[in-house]
Amino acid sequence: MNATELVMGSDAALFMSGMNAYLLDFLATGYNYWMAIVLMMIGFYITLARSNLVKKIIGLNLFQTAMFLLYISIGNVVDGGVPILTDNPDALYSNPLPHVLILTAIVVGIATTALGLALAVRIHEAYGTIEEDEILDAEAGDS
Amino acid sequence: MFATILPAALLAQLPVLQVAIPLLAAPVCVLLGRGRWVHDFSLLVTAVVAITSLALLQLVLGGGDASYALGGFAPPWGIEYRIDPANAVILLLVSVSGFLVLLQSRTSIEAEIPKQKHPLFYTAFLLCLTGLLGVAATGDAFNAFVFLEISSLATYALVATGKSPRALTAAFRYLILGTIGASTFVIGIGLLYMATGTLNMSDLATRIPASPHHAVIQAAFALIIVGLGLKAAIFPLHFWLPNVYTFAPMVVTIFLAATATKVALYLLARFVFVIFEDASFAGMLLMPLALLAMFLASLAALQQGNVKRILAYSSIAQIGYMFFALALASTQAVAAAWLLMLTHALAKGGLFMAVAGIALQTGSSNLDDWKGIAKQMPWSAAVMVVCLLSLVGVPLTAGFVAKWSLLVAIFSTSGSIILVAVVAAASLLTLLYAGKILETIYLGTPDEQRATANLREAPLAMLVTAMLVAAMNIYFGLNGTVLSDLSNRAALALLSGF
Chain L
77 MNATELVMGS
87 DAALFMSGMN
97 AYLLDFLATG
107 YNYWMAIVLM
117 MIGFYITLAR
127 SNLVKKIIGL
137 NLFQTAMFLL
147 YISIGNVVDG
157 GVPILTDNPD
167 ALYSNPLPHV
177 LILTAIVVGI
187 ATTALGLALA
197 VRIHEAYGTI
207 EEDEILDAEA
217 GDS
Chain A
8 MFATILPAAL
18 LAQLPVLQVA
28 IPLLAAPVCV
38 LLGRGRWVHD
48 FSLLVTAVVA
58 ITSLALLQLV
68 LGGGDASYAL
78 GGFAPPWGIE
88 YRIDPANAVI
98 LLLVSVSGFL
108 VLLQSRTSIE
118 AEIPKQKHPL
128 FYTAFLLCLT
138 GLLGVAATGD
148 AFNAFVFLEI
158 SSLATYALVA
168 TGKSPRALTA
178 AFRYLILGTI
188 GASTFVIGIG
198 LLYMATGTLN
208 MSDLATRIPA
218 SPHHAVIQAA
228 FALIIVGLGL
238 KAAIFPLHFW
248 LPNVYTFAPM
258 VVTIFLAATA
268 TKVALYLLAR
278 FVFVIFEDAS
288 FAGMLLMPLA
298 LLAMFLASLA
308 ALQQGNVKRI
318 LAYSSIAQIG
328 YMFFALALAS
338 TQAVAAAWLL
348 MLTHALAKGG
358 LFMAVAGIAL
368 QTGSSNLDDW
378 KGIAKQMPWS
388 AAVMVVCLLS
398 LVGVPLTAGF
408 VAKWSLLVAI
418 FSTSGSIILV
428 AVVAAASLLT
438 LLYAGKILET
448 IYLGTPDEQR
458 ATANLREAPL
468 AMLVTAMLVA
478 AMNIYFGLNG
488 TVLSDLSNRA
498 ALALLSGF
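For the record, the sequence lines run as chains L and A.
Taking this note's numbering, I'd label the letters of the first sequence as residues 77 to 219.
Taking this note's numbering, I'd label the letters of the second sequence as residues 8 to 505.
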């Protein structure tokens with residue numbers, strides 16, 4: 077007989093431990109997805125809230141990486157191996173398609189980052205700063 | 008016409024040629040160097056693409072959908088390019104816009120973009136064209152994302168070539184928002200793949216009705232609408248657009264105004280009507296936003312002093328009309344949406360072409376600097392009159408055909424005379440800012456410096472192309488059945504599924 081049972085009686089304690097198990101299960105089975113969402117929101121927040129243009133790009137990268145994680149998680153098969161053709165027709169393997177898609181998306185992400193950084197360099201040349209609030213001030217004075 | 012001239016083997020390749028030609032031509036531009044060849048070459052490429060899309064449209068209208076299995080891998084496993092009347096019309100819109108824009112813009116490109124950057128500029132332009140055509144042509148959801156990003160990345164680079172340093176910040180903000188939009192879209196596609204195990208659009212369409220109210224599919228739906236809404240600049244997601252249109256080089260502005268948002272809109276329509284087949288939710292969400300866009304963006308347009316900015320806000324308002332038509336979700340209304348896209352491309356393309364000419368000669372796009380410009384540049388001003396009337400939707404112009412069919416569709420779909428009145432009232436706001444521009448350029452008195460300056464009419468190529476587009480605005484207004492027949496076919500193709 078543990079402490080909770082002493083306080084709440086056995087039925088309620090059973091219910092609580094059931095709820096805990098359910099919650100834990102809920103969090104644990106979708107662990108990858110939870111992490112993807114958390115990462116995504118961190119990236120999104122950085123992109124919107126930071127004034128520094130390079131930090132915005134870093135946030136954007138985080139956002140995209142979270143998206144990659146989501147795709148890779150979708151492709152996972154429990155107990156699945158690498159998707160390489162073998163003699164064993166019953167071999168269980170992970171779905172390779174999302175991996176291939178993400179290869180393409182990574183290339184797109186790199187291109188976006190490169191272009192974004194190039195723009196940040198040009199903005200620094202033109203305005204002498206990469207802080208967005210200072211750029212906005214300069215633009216307000218401009219027009 | 009084309010079906011009899013072209014060999015059958017070539018006809019079967021048309022869906023992929025449409026996208027492959029500009030893609031392969033883009034790196035050639037780098038090799039051609041800085042001479043005048045690079046412009047002629049790009050013009051030739053866009054002409055070939057325009058003819059291809061015309062042939063494709065004829066093929067599709069005459070003999071059913073065209074399908075092309077990329078690399079010979081049969082759909083739904085391989086990537087499929089699938090052309091039906093709905094996207095054949097969009098392909099034609101994009102490719103003809105690309106051709107006319109290049110035909111018009113040699114002088115303005117030389118004036119606005121440093122000589123040593125010309126090869127790269129044309130490369131980016133052709134890549135942008137490739138991306139837009141690819142989005143319209145593909146029948147594969149993930150492929151659509153890739154092409155969307157090809158066109159977007161090229162667009163960011165093109166916008167950044169603008170002369171003002173503010174072009175850089177406009178491009179940067181567009182890059183951030185555009186990437187968030189594209190990522191949101193691709194997360195939606197990932198969820199769809201998770202729920203159905205397929206990426207082929209027609210395959211998705213057959214698998215989703217089995218579980219339309221599944222939470223994963225509904226989340227995917229929401230993410231895709233937000234992602235594409237950002238690219239299409241639907242009302243609260245439009246913040247990137249005014250600065251992009253204002254500070255990009257004129258040639259880029261003309262091209263984007265005529266094509267980019269329409270392609271995103273097309274893809275959204277494809278997802279809503281063909282893949283999800285349940286437009287009621289989207290309708291509830293989009294209709295109020297569309298109404299807000301019509302009124303708020305038109306009011307914002309009235310406040311602006313820069314002509315490009317007025318027209319940019321006007322674009323946001325006009326996108327509101329298109330979304331409103333899509334939200335009604337009847338065949339008639341979707342046909343009206345297609346008509347609105349076509350006529351808006353004609354009107355706004357022509358307007359920005361005239362603006363490019365006047366801005367080139369006066370060196371300014373502030374309305375205050377354009378007072379009484381009609382006396383010095385009568386032809387450019389005339390083009391602006393025709394296109395502004397078409398934008399407002401005055402009878403005998405193409406815009407009228409579209410606005411009228413929208414009002415008819417609203418009445419027959421919702422039966423609400425109030426909605427008809429509200430949308431008609433929004434059109435009056437268009438009249439206000441169009442009137443403001445016309446009043447300034449015709450009745451304004453120029454300051455002394457400008458009045459005595461030896462200001463000539465825009466260069467011949469710019470003027471002739473702009474007048475051609477203005478003439479198209481009138482021709483399709485007098486002969487409205489051409490466009491409305493096309494739009495009806497497009498709407499039927501979308502709403503009856505693949």
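If you are wondering where the hints come from, they were derived from the structure by calculation, not from laboratory data.
Remember, predicted model here, so these are calculated numbers, not experimental data.
Each hint should be verified, as a subset may be incorrect.
For each label pair, taking beta carbons as the anchor points, the in silico distance ranges come out as [claimed, not checked]:
id : chain 1 : residue 1 : chain 2 : residue 2 : range
1  : L       : ILE113    : A       : ALA19     : 27 to 37 Å
2  : A       : ALA54     : L       : ALA187    : 45 to 55 Å
3  : L       : ARG126    : A       : VAL35     : 16 to 26 Å
4  : L       : VAL130    : A       : LYS443    : 48 to 58 Å
5  : A       : ALA15     : L       : GLY106    : 46 to 56 Å
6  : L       : VAL114    : A       : GLY42     : 50 to 60 Å
7  : L       : ALA187    : A       : TRP84     : 41 to 51 Å
On the chain A side, residues computed to face chain L include the following (Cβ under 8 Å) [unchecked claim]:
id : residue
8  : LEU175
9  : PHE179
10 : TYR449
Here are the simulated DSBU-like cross-link-like pairs (lysine-lysine), alpha carbons at most 35 Å apart as the crow flies [claimed, not checked]:
id : chain 1 : residue 1 : chain 2 : residue 2
11 : A       : LYS443    : L       : LYS131
12 : A       : LYS170    : A       : LYS382
13 : A       : LYS382    : L       : LYS131
14 : A       : LYS170    : A       : LYS443
15 : A       : LYS124    : A       : LYS378
16 : L       : LYS131    : A       : LYS124
17 : A       : LYS122    : A       : LYS382
18 : A       : LYS378    : A       : LYS122
19 : A       : LYS122    : A       : LYS170
All C-beta atoms in this analysis are idealised placements derived from N, C-alpha and C, irrespective of residue type, glycine included.
Here is how each hint holds up against the structure:
1. L/ILE113 / A/ALA19: 27 to 37 Å: Check failed, 45 Å falls outside 27 to 37 Å.
2. A/ALA54 / L/ALA187: 45 to 55 Å: About 29 Å separates the Cβ atoms of A/ALA54 and L/ALA187, which means 45 to 55 Å is violated.
3. L/ARG126 / A/VAL35: 16 to 26 Å: Given about 40 Å between the Cβ atoms, the range is violated.
4. L/VAL130 / A/LYS443: 48 to 58 Å: With Cβ atoms ~41 Å apart, the hint is violated.
5. A/ALA15 / L/GLY106: 46 to 56 Å: holds (52 Å)
6. L/VAL114 / A/GLY42: 50 to 60 Å: holds (54 Å)
7. L/ALA187 / A/TRP84: 41 to 51 Å: violated (27 Å)
8. LEU175: With a closest approach of 5 Å, the A/LEU175 hint holds.
9. PHE179: With a closest approach of 5 Å, the A/PHE179 hint holds.
10. TYR449: At 26 Å from the nearest chain L Cβ, A/TYR449 fails the 8 Å test, so the hint is violated.
11. A/LYS443 / L/LYS131: violated (42 Å)
12. A/LYS170 / A/LYS382: holds (28 Å)
13. A/LYS382 / L/LYS131: Distance ~51 Å between A/LYS382 and L/LYS131 Cα, so the pair is violated.
14. A/LYS170 / A/LYS443: holds (27 Å)
15. A/LYS124 / A/LYS378: The given pair, whose Cα atoms are some 34 Å apart, holds under the 35 Å limit.
16. L/LYS131 / A/LYS124: Satisfied, since the Cα-Cα distance of roughly 29 Å is no more than 35 Å.
17. A/LYS122 / A/LYS382: holds (33 Å)
18. A/LYS378 / A/LYS122: holds (32 Å)
19. A/LYS122 / A/LYS170: Holds, because 13 Å separates the two Cα atoms, which is no more than 35 Å.
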